[in-house]
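Work out the full structure, taking the sequences as your base and the hints as a guide.
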Amino acid sequence: MPQSRWYALARARARTDDDAMTIHRSFLWVIALGLLASADTSAAAVDHASTPRVEATLAAEHGTVPAGSRSALLLRLHIIEHWHTYWAFPGESGEETRIEFVLPDGVEIDAIDWPVPERIPLGPVMNYGYEGIADHLLPLTVAADLAPGTRLPIEAHARWLVCEEECIPEEASFSLTLEVGELEPTTGTAAAFGEARAALPLDAPWPLEQPESDVLRVPGNFDPDGITDAYFFADTWGRIQPSAGQSFRIEDGVLEVTYTPGPAPGPLSGVLTLVERIDGSEQRHGFRFSANGAAPAGSASAAEAGRSAGLGLALALLLAFAGGILLNLMPCVFPVLSVKLLALTSHAHGDPAALRRAGYAWTAGVLTCFALIGLALLTLRAGGSAIGWGFQLQEPRVIAALALLFFWLGLALSGWVEIGTRLMGLAGQTAGRGGHFATGLLAAIVATPCTAPFMGAAVGWAVLQPGAVAMSVMLALGAGMAAPFLALCFAPRLLARLPRPGPWMLRLKELLAFPLYASAIWLVWVLARQAGPDAVALVLGGMLIIALAVWLGHQTRATRAAPAVGIVFAAGLLMALLPGAGSAPGSADPARVNATRIAELRAAGEPVFLNLTAAWCVTCLVNERVALRTDAVQDAFARHRITYLEGDWTDRDPDITALLEEFGRAGVPLYVIYPPRGEPRVLPQMLTPAMVISALEQTLGNSARVATEESS
Amino acid sequence: MKSSYRKRLLNAGIGACAMVIAGVTAAAPSINAAAPEFTAVDSNGMTHSLADFRGSAVVLEWTNHDCPFVVKHYQGNMQELQREAADEGVVWLTVISSRPGSQGYVSPEEANELTSRRNAAPTAVLLDPEGSIGRAYGAQVTPHMYVIDEDGMLVYMGGIDDKPTSNPQDIPGATPYVRNALAALAAGQAVDPSQTRPYGCTVKY
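Here the protein sequences line up with chains A and B, keeping their order. With the working numbering, the residue at position 652 of the first sequence is 652, and numbering never jumps. With the working numbering, the residue at position 149 of the second sequence is 149, and numbering never jumps.
One or more of the hints may lead you astray.
Covered stretches of chain A, going by a simulated chain B footprint (3 or more residues, C-beta under 8 Å) [unchecked claim]:
id : segment
1  : 162–169
2  : 358–364
Some chain B residues flagged as far from chain A (calculated, every beta-carbon gap over 12 Å) [stated by the list, open to error]:
id : residue
3  : Ser49
4  : Asp52
5  : Gly134
6  : Met157
7  : Gly158
8  : Gly200
Quick partial rundown of chain B residues pointing at chain A, CB under 7 Å, derived from the structure [unchecked claim]:
id : residue
9  : Pro68
10 : Gln103
11 : Gln140
12 : Ser194
13 : Arg197
14 : Thr202
Source of the hints: derived by calculation from the structure; they are not laboratory data. C-beta: ideal position from N, C-alpha, C; glycine also.
Shown next as structure tokens:
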């Protein structure tokens, strides 16, 4: 009975401390192996290959993919200057890029989604292909019956013909390993996938008519003066003679392209490119026509990849809720909330129902504000603005209005403004539900400058998600912010535990005015960075008007109408005079920070430290002060010959937004160490000098070693 | 209105110009019409005219020995076709239209050296550094293949087969258009297809 003997032995040994140690140690091993395995997974979602003329990358959009969902792979070819690779139909010479896969059971990969091609004439021959970057999106499907944790090894072999005048066939093999699990984007690939999708042709919304053997007609509503070029890339040999050229005209909104038919005429399919003149710049768009005039399937589906799955939404909601609770302690919110609380304590023995109604109204106010911000964000994004979280602070008018609001709230807490009593809810029961709602709204508004800097990373993720998810996270944040106050309203006994009301309340209220004045100063400073000294003068003038209005109100014993009129007047004046977003004087910075510049520096063998920051980002400023600008870190930068790049996101900047998205972020701060070769390393959002220095050693020490090995 | 009219006129003009240029540079001959006549000097200094070969079928093969698509077929397939043609009495003319200094341009000695090294069996290698034969036939790529019958009529033009790749592994499964065309000629049948997609590297005019 070997089995029972083993069992007895195990029981006997299990009692000894020695054995306990063994178990403990093996447990540690399991954890260590698990960590290694997970690190391996993320590393295996991207694979690189170099040929003499092409840097090739095969990347999975998601390292872990839920069963029954769709994702995508991207084969990106960085082609050296003057050389090109080919479209699905290469034109009169050349060969399209191909990729073959060896796939595990349950994984399917569709044909390449080709980006809009370029015309590449070579002597008398016309080719269709790509220069610079050629992206090949490959929609991927994972079967529904795969168990979580299943590893999905993918072997790929790509061949391409790369030509200048001469042509060289090149090929490369790639191995990726995906895993079945919660959908998780692969770090550092978001921008590439975004660009690849942006370069795809759209499914044409118009039919394609072929009235004559050498004419194609697209009945749209085209503007004859707006379209400067039209060209049809037929995707089948023999339909159109590529080298023969095409001409177009627009009559009554109908586009007609005249071409020379090839030796095998027939129904046309392919991509129509239109060059439109929009606001003085020319934009090229591609529209796909399939053979029967209907849009081909399976093209737009890749864009939906990753949206269908669960995304760990529950976790995001939980984090947002916790973050919301934390918001109550932020310097912008704390004073307002404290005063509100103090007001409640004086009514702790009042009507519990009224108290509850106050709680509801406050919560509704907070949620309304967060919903409005979320709505604004989603609308702007849908409109194509390159914005991320914190966008509201990239608008100088918003900053100016907030500065005035904080100044006025400060005056209220200092006891200068009577209106404060009402709005701050000090009137307690006498303030109706509207009053509580208004205070909730106000608290959420004053929270916004704090949300952006402190909650950037968390909210940032949500913002990149589809509308419903983004909105749920925003509301969870609001719910979290409202929760402590609501809880107190439902637990009058808890409220009774707070210190007894007394004259100390007045002192505390007056003291709490100072964080608000400080917040106002900070916002004025941000404004100075955004819109220059004129804007500062304007907003300080606005404060003067507010102060004057308050003083006049006291002199004339007028109602609160006087200060209110003053504020409206000041605000109106400001909005009229302030410049809009993006017109900041500093935006013409000669040293632009963007992906190209980083790539150039790395190609030149220089390691780069990237700091994406904003004047309104408190975390960023703290990190710069306590870590990045210290002598120790500066010395380490010098020792590693780091090129330090600082991207300022105080104003809108699509280049910086693109960099943030590349790392799956929608807001600052972001710190990245780029070794000259190898994977960039992202640092945490809270820095210490030691952390920065050791990260530099690890990342660049490694790359230095790799370089020596290669040269030896 | 005026500006839009002017633009239309301009567009039409540009289009017309493009077509005229294209017509000059890529005047493809027609199937079942007389193949363009030419006279050229081969790698041994001999002069050949197309008219000299009346009574025999003629294959024209555009080549550039460094082109990957040519390399693909010179791993055996092209030589085999050349020998089959020779056995049937078909004249095989390999044409090099690369301009001097560009890829594929060779001196007569180099051309002969390539023939012997690759164990190729063309009737002659024609040197066309000015590209005049190439332009007359609208040859766009290497290898671009043409078959002319005993009466000097063009009966086939296009690819060597139907697999437009540079991968030699694609040869066994491909439909060999040129071989089929020669077989049809020998059997007295019509060549079908008579025009296919030529594929390969651009001819370096």
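Here is how each hint holds up against the structure:
no.: 1; hint: 162–169; in the structure: holds (count 6)
no.: 2; hint: 358–364; in the structure: violated (count 0)
no.: 3; hint: Ser49; in the structure: 25 Å, holds
no.: 4; hint: Asp52; in the structure: 28 Å, holds
no.: 5; hint: Gly134; in the structure: 9 Å, violated
no.: 6; hint: Met157; in the structure: 8 Å, violated
no.: 7; hint: Gly158; in the structure: 8 Å, violated
no.: 8; hint: Gly200; in the structure: 6 Å, violated
no.: 9; hint: Pro68; in the structure: 4 Å, holds
no.: 10; hint: Gln103; in the structure: 4 Å, holds
no.: 11; hint: Gln140; in the structure: 5 Å, holds
no.: 12; hint: Ser194; in the structure: 9 Å, violated
no.: 13; hint: Arg197; in the structure: 4 Å, holds
no.: 14; hint: Thr202; in the structure: 4 Å, holds
Of the hints listed earlier, those the structure fails to meet are numbers 2, 5, 6, 7, 8 and 12, in rising order.
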